[in-house]
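Now for the letters of each chain:
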Amino acid sequence: MRAVGIDGDYESDEPGLVFGATGIADDWPSIRSVLLEAFRLTQLAVVAEEPIVYVVSSDDLLGRNGAASAAVAAGLLSGARTAAIELAKAGLPINVIAIDDEIPGDQVKRWVQRMLEADGAQGELIHLGPGHLGKALG
Amino acid sequence: MTKTAIVTGAAGGIGSVICQRLAGEGWTLIAVDASPRLADTVSILEEAEATVRPVEANLTTDEGLDMVGSAIEGAPPLELIVNNAGITRDARLVNMTEDEFASVIDVNLGAPYQIISRFAPMMKEGAIVNISSRAYLGNFGQFNYSMSKGALVGITRAFALTLAPRIRVNAIAPGLIGTEMSMAIPADVRERMVDSIPLGRMGEPEEVADLVVFLARPGYITGEVITVGGGRSLSR
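Protein sequence lines correspond, in order, to chains A and B.
Sequence positions in the first sequence follow the working numbering and run 630 to 767.
Sequence positions in the second sequence follow the working numbering and run -13 to 222.
Hints are computed from structural coordinates only; laboratory data are not their basis.
Take these hints with a grain of salt, some might be off.
What the hints assert, rightly or not - Far from chain A, some chain B residues (derived; all Cβ distances over 10 Å):
no., residue
1, 21
2, 36
3, 49
4, 82
5, 102
6, 112
7, 127
8, 130
9, 132
10, 136
11, 170
12, 173
13, 183
14, 196
15, 204
16, 217
Stated by the list, open to error - Footprint (simulated), chain B over chain A, 3 or more residues, beta carbon under 8 Å:
no., stretch
17, 671 to 680
18, 699 to 707
19, 726 to 734
20, 744 to 757
Note that CB positions come from ideal geometry on N, CA and C, so glycine has one too.
Construct all of the structure, not just a fragment, from the sequences and the given hints.
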């Protein structure tokens, strides 16, 4: 598994891509660079037929941390939904986890593992924490 | 006193009609497009005795943004930005090239982000309307386009928060609209798409433009995405 931008980058022997990005500098080159990296790594994972999980911040998704982080979080969600449509027949899962600030890292990792093994979940947005309740949906 | 609106993608099927509708409401227009076909929109506007400052520019460049900045100088107060410019470079994700990805992101997201960042500080009040797409919910063969339009929804929310209460920021997500871009879709594919729309037809550019005019008026709506898709988001 290749994990980027989540609690430090790391790799393991398990298949899968975990891509996360938050705290993006508020300028266009930074946004572009992150989205381009997401595209490259996602394409590599799809070619390798590996499951994919994007991890974003709930606050980013709601636009609370500035335009750059919002662009990346919402862009990843839309990208996941489109990739999910393309990958559905192959049974290759791609899903998104949105986390509140106070969610512990080990809890996030457990959910990442669940979503990498997702059986039938495709293009889903999973919220960890109550921050999204009563607010705009993804 | 008249007010100024920037409209990007002004040469396109939806953009041209947005310009015409806004001109009918008395707006001074800065009509921007990278295509020389902008002249067609300008002719229509001038025939209707609208006040228009055409800017033929590529908004992915600093020069293009500078040209818009020059057009604003001496114009009535800027109170509306309509980010409508967009392109498609469709391919399945496995076949998509980096150039196809980057070019769509640059136009559909980079330009609006930089226009808002640069020109919203000049606005004392008013509105920003970002033309996203129903494809932000996902659409086969459009990883680049879908991501760019979803990101546009993201910046809509963020700027709605940071620019409030001065400026309202909303997004419109059109579905299949009867423009040249849609008519370029093979007829059999287009027919199948129309069959999946509960209202049984493509939308008209005027139906998007009318919503732009509505959102440009003072109101209590900000940070929202409004879909103009004939119910397509609900059907199989």
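So, going through the hints one by one against the coordinates:
For residue 21 (chain B), the condition that its CB be more than 10 Å from all CB atoms of chain A holds, with the nearest at approximately 22 Å. Annotated as non-interface, residue 36 (chain B) keeps its C-beta farther than 10 Å from every C-beta of chain A; the closest such distance is 31 Å. Against the 10 Å criterion, residue 49 (chain B) stays outside the reach of chain A, whose nearest CB is about 15 Å from its own CB. At the 10 Å boundary, the C-beta of residue 82 (chain B) falls inside the reach of chain A, the nearest C-beta of that chain being 7 Å off.
With 10 Å as the threshold on Cβ separation, the claim that residue 102 (chain B) sits away from chain A is violated: the shortest Cβ distance comes to roughly 8 Å. For residue 112 (chain B), the non-interface assignment is confirmed: its Cβ lies about 18 Å from the closest Cβ of chain A, beyond the 10 Å cut-off. Not every C-beta of chain A lies more than 10 Å from that of residue 127 (chain B), the closest at about 7 Å, which undercuts listing it as non-interface. At the 10 Å boundary, the C-beta of residue 130 (chain B) falls inside the reach of chain A, the nearest C-beta of that chain being 8 Å off.
Residue placement check: residue 132 (chain B) does not keep its beta carbon more than 10 Å from all beta carbons of chain A (closest about 4 Å). Non-interface call for residue 136 (chain B) relative to chain A: violated, since the shortest CB-CB distance, roughly 2 Å, does not exceed 10 Å. At roughly 20 Å, the least C-beta separation between residue 170 (chain B) and chain A is larger than 10 Å, which holds for a residue marked as non-interface. The beta carbon of residue 173 (chain B) sits about 23 Å from the closest Cβ of chain A, which is more than 10 Å, so the claim that it is off the interface holds.
The non-interface label for residue 183 (chain B) is consistent with chain A: the shortest C-beta to C-beta separation is roughly 18 Å, beyond 10 Å. Chain A leaves residue 196 (chain B) outside its interface by the beta-carbon criterion, the shortest separation being 24 Å against a cut-off of 10 Å. Every beta carbon of chain A lies more than 10 Å from that of residue 204 (chain B), the smallest distance being close to 22 Å; the non-interface claim holds. Even its closest Cβ contact with chain A, about 18 Å, leaves residue 217 (chain B) beyond 10 Å, as expected for a residue assigned away from the interface.
Under a criterion of three residues with beta carbons nearer than 8 Å to beta carbons of chain B, the stated coverage of the stretch 671 to 680 of chain A is upheld, 4 such residues being counted. Residue count for the stretch 699 to 707 of chain A with a Cβ under 8 Å from a Cβ of chain B: 9. That meets the three needed, and the coverage hint holds. Note: the stretch 726 to 734 of chain A has 0 residues with beta-carbon separation from chain B under 8 Å; the three-residue rule is not met and the coverage is violated. By the rule of at least three residues with a Cβ nearer than 8 Å to a Cβ of chain B, the coverage given for the stretch 744 to 757 of chain A is violated, with 1 such residues.
Violated hints, listed in ascending order, are 4, 5, 7, 8, 9, 10, 19, 20; each of the other numbered hints is respected by the structure.
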